[in-house]
Amino acid sequence: MFRFSLGKHPKTSREPFSVETLAKSSRLRGANVTQGICPYCAVGCGQLIFSKGGELIDIEGDPDSPISTGHLCPKGANAYQLSVNSHRVLEVLYRAPYSDQWETKTMEWALEQIAQRVKATRDADFTTRDEQGRLLNSVRSIGSLGGATIDNEENYLIKKLLGGGLGVVSIENQARI
Amino acid sequence: MASREQELSALPQASDPPRGRLSVLLGRLIRPYLHDEPHGPLPELLGRLIYPFLHGEPPKPQQPTGFYTDTTVCIGCKACEVACKQWNQLPSDGFNWSGNSYDNTNELSATTWRHVKFIEQFSHESPSVPASPDTEESESLLNRWLMMSDNCKHCVAAPCHQACPTGAIIQNEFQNIYIQADICNGCSCCIAACPFGVITRSELGGHSHKCTLCYDRQRDGLEPACAKACPTQSIHFGPIDELREQARKRVEQLHERGVPQAYLYGDVPGETYSEMHSFYLLVDRPSVYGLPDAPFNPWLHMMGDYVRSVAGGLAAIAVLLVVVFLLKP
Amino acid sequence: MPGLGASFGRGAATNYQQDMANSDCILFMGSNMAEAQPVGFRWPMEAKLKGATLIHVDPRFTRMSAVCDLYVGIRSGSDIAFLGGLVNYVLTNDRWFHEYVLSYTNASTIIDEGFRDTEDLAGMFSGFDQQHESYDPKQGHWGFEKSGGGGAEQDGSKNTAQAESAKDEHNPQGHALDGSDDPHTSPSKSTTKPQRDPTLQHPRCVMQILRRHFARYTPEVVSQVCGCKPEEFMRVAELLCTNSGRERTTCIAYALGWTQHTTGVQIIRTAGILQLLLGNMGRPGGGIMALRGHSTIQGATDIATLYDSLPGYLPQPPARDPAHEGLSSYIESGGMPTGYWANFSKFIVSLLKAWYGEAARPDNDFGFSWVPRVDGDYSQLAYFDRMSKGGVKGYFLAGQNPGGGGPNAGLHRAGLRNLEWLVVLDWFETESATFWKNDRNGPLPSEIGTEVFFIPAAAAQEKEGSLTQTQRLIQWHKKAIDPSGDSRSDAWFIYNLGKHLKQLYAGSTDPRDQGLLNLTWDYDFDEQPRLPDGTLSRIEGEPDLEKVLMEINGHRLDEIDPRTGGPRLVSGYSELKDDGTTACGCWIYSGVFPEPGRNRADERKITDNPIQPEWGYAWPNNVRVLYNRASADPEGRPWSERKKLVWWDSEKRSWVGQDTPDFERNKPPDYQPPPGATGMAAIAGTNPFITKPDGLGWLYSPAIKDGPLPTHYEPVESPFGNLLYPKRNSNPTVRFFPGPLNPIAHMPTAEYPVVATTFRLTEHYLSGPMSRFNSWLNELQPEMFAELSYELAAERGIVHGGWMTIETPRGRIEARAMVTRRLRPFVVEGRMVHQIGLPFHWAFAGEVVGGNANDLTALVADPNVSMHESKAFTCQVQAGRLEGQALHPTVPTAHWPTLDPIPDTPASAQPEGRLGHGK
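Residue numbers (this note's numbering), protein chains in the order written: chain A, 32 to 208; chain B, -16 to 312; chain C, 247 to 1165.
Hint data in this document are derived by calculation from the structure and do not stem from the laboratory. Mixed in with the good hints there might be a few duds.
As the list claims (entries may be wrong) - Mimicking DSBU-like on lysine-lysine, the simulated pairs with C-alpha atoms at most 30 Å apart in a straight line are: (1) C/Lys745 to A/Lys136; (2) A/Lys150 to A/Lys136; (3) A/Lys136 to C/Lys683.
Given only the sequences and the hints, what does the whole structure look like? Please build it.
Rendered as structure tokens:
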């Protein structure tokens, strides 16, 4: 009937490749690469983190990882947008009591202020012994929460400083069972 | 042992490929335009006119590659969608809850080149109604949630490629269909031609876009982002012949394991459509997955259309002549 | 994870994820691994491709059910009934692995005469203290019976073994929650062995007690309680049995679907019993996989940011009377005479040396008094309860969002509003950072006095450090670029805060400040670190976390390493001492940094060994399959060729195999401990569970606060009474936090007839701080929805795609209705009950916002670990929206992609989708 055939493979040599197409390559050439671990769940997938000129340019699975063998889930594949994100807060914010807005502050200011708050609260509430005469050496009015999404060493430092140093008891994280 | 990804870090950026003499000459003419140097409106116009005609030595054909997507192991995680957006730096399509199972990106588009479909197939029996012994079998058959990661089919005889008037759409050295955004003028012929609704035009740049089969990654010996990310290896990437072989074995295995419905979609040419370089293992009719049961290449119609146009034209001329002669006193 | 610890000795997942590919059958229950851990799930899928059977038992038909071979729907909160039924099936049909059970479990151990089971006391164990609503295991005679003429009689206390067993596990609750002396602790320690009856006929032997205890969990009862069909249950049971034994192994995987219950620990215990009976522990393709949800939730537990635990599962010292407040009393009550915990004193002294350095001396108890004592429950739930009532002044949040994701999040936000000051370390303006301005249910900012400091945190790629994933594997991640803007790593913040505080307190002679002043706090880089591209980092004051990891690993303080000029690193915890010559920040991690320049967490070597022992470092001792001595028979031979892992090589006189033996390498299988042996010498060559004092897997475990055997209780909120024990509806030891912000619908409730359960979607993460500011994820799941059945929708006039409200006594939220056949009503006790599923990812801050499932959940706590119950509670649903203004995103949709070109990259290699490109 009146039909053309479906056609054969076009010949590559006759295809009109443009200048840009001809030069095409991945952006990974010449990038710096480091081995990372996915920051989301506890599977512990390996990630390769590519950067150029001090900027992240790509994050993908690490094929060498025996756990993930290069694969990532949607969240792991999203790790790039988690870091390179216009919603990220990149300066210290401060909200004064009863205020309805943030103020921008320097990190040094915040550290000093926080240290003073910690000291004032601790000095007021440090309990050496309870009413029954039991040794406590604790601060029960300061607490800390979080640890399962940061690094082991950071957990260790939190526990060491707040617990071993200041006597804070309520140091907790997402893990409860 | 460093992975291919890590080896790439050591490579310098690619340089421009060799070009023909005419191209070199023309290229010199529009040098500021080509290299994004400052230039006025006239060089801009010249550049736009001349650029599409700059051609170089086409690359040597490589082993044809493609995707084989085994929907029976898809867990609908959408890693392919995000990995694609990440690698290609595509924007989101907006936040619209569809209520269509877990599918909220709804379709392939200029900004969504992988799309996971969800089909809930569950019996309507309520457990409050005690199941009779004979309904149980059919009920268990009906309890399934199909998931399928869809993308451009990279048809061997691709209607979009056939329809493109500018040469923007090429079949590249891996026999994948690639839209050259630098050539595309946004005419949208390809959109109408594609029987799968894969291509749309981006409002951002005005060009048509779709899955490139990660052409840039393939050039550097990397597998496409979606196939690499896919946690359960539902998306396979590789030489197309090997994929077909692997897929046929998988179908056999599924038949042995009590899934007689399993079959491949697009691995071989049909009467009205060519084989595809992205084919799928499905367990229900194509239309269940939103795919045409029998895709049809519009090119097939074109012979008729041409004949009819020519015949119509001739007839019109004949009528005109007759009229002219008859009316002549 | 006391559920696992109480059964096997260590509270951690037993196998590694890749090992799931070796399973012949995997039972997923309380887990939705395909959705929550998709990449880990590739290994079960690989097992499936090889022919294994995957089973999913869950209230909802999920994306994982879709790829499992068998799905069985059960009502939320009925897990123990289902698992108890499996235990009963295995016992009554004689399907248990006789040789394994006889040699490796405490099936033959005889329990004290005074013990009374739930069968005798209508759903309660002996020893219940009505006043404190808790059990006293000593009063209840939960302990093991001692052989006559031993130490037991001499010290006049009959049940000392029970005392040891009760606290053996070193779970975070090693002491009583009210801070009193541990009721489990007996002053006497005995090495006397418990009595056994290898014939298993003694009516008080564990096997017989087990049989009686689980006898009422028949398939019919299971069906009645769970709402599944008896034949569905039988099919699961049969699959587990046929896929266990010498030649085959079955794995059980769970996650928060088990833990977030007031009976969570006991659910896990039931699985432990089942796996011991089937002989699947310590073997390839077997074990129990605890699938965790945060990148280092295991590490945070190990290290440990928990109020009741010091690093390495040493208990935080409880407040005790002055006579017992010293280090020796602590060691006495913490250590065990037999098994690995005999080394307790070495672990604590080394920790104190790591913290207080030179100032930790024998004459001051190594600074032990500077470690704060616990005098109550300071867990998150209890502390926020206190905060909401106004008892807390200052708070730090490091990457956690209780204002969005805490159970009864409204109460959590009320707590934050009561603080004087709050420090939030995070990436985005989360609910917990903006509760004072964005909480629609809260008061005006002008009424909230909390001072909030928001410290921008460095992204994961902007800092280095180690993470411990779900199977105890410690992996180091490197820093790729400097932190953006003013953001800094949490380590930078804590380190510099510590320096500021030390300065503020400098010169103080007050004894209370000496702990801080003596704290070793010197982690400066020796020279300014460089980035991967060779340039110097611009960040000043970043601590060198490898130094921290070395401190965690431990040092010999009396030996100088010529390579570094500093103290020599220890190669493992066996080197630790209790005389102050070693320092070690977390003994179980010891070995992770065995020599200078060798950070084993950073090792990335691929070998021929499929276990890949040189990729990262797993605690303990790089063992990948815990208790792997049990992969060989009592004589030390593999149970089968197909399932061999570690075995005894009689020529080499050593345990050999793919994995590091989780056993003393040269202890022969026929080793028998001499009478009176202590420590590891007391563990026989056939005892694989070396951190248990008897080296056995505990079918019966007195180490748990709500009973030595699991018992089905209904959730705190349930439309049903307890069919199995009608007189005892919910767990008698559950803790409540009464108050106007935390009302409970006490069961059986008619006012709130619908069962609700919360769940995780693949596309989002927790309460959303790491996903709801990300457009690539938000477009995939943009709105809060609730899954419900056609039947419930029809009953309430709810339309698919329309709106519905969900109400509990704690709050009301709105959600889009996802009416689906994946959820079905259950017929329970002859009555139809509806169930809805609520993803817990939305709240009021972010690029997408929506109803918060955790505004509905309650603050109730399991007695062992203070875990709440968000996997089963009751609610009321109706069609329509909430009155008042709808929520709006707190940030506009981010422009994406940025059209800035990738630096140092030609146009032809720019990303395709930077859609402005093209000539």
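Do the hints match the structure? See the list:
1. Restraint check: the Cα-Cα separation between C/Lys745 and A/Lys136 comes to about 20 Å, which is no more than 30 Å; the hinted pair holds.
2. The hinted pair formed by A/Lys150 and A/Lys136 meets the criterion: a straight-line CA distance of about 21 Å does not exceed 30 Å.
3. For the proposed pair A/Lys136 and C/Lys683, the alpha carbon gap of about 19 Å is at most 30 Å, so the pair holds.
In terms of the numbered hints stated before, the structure departs from none.
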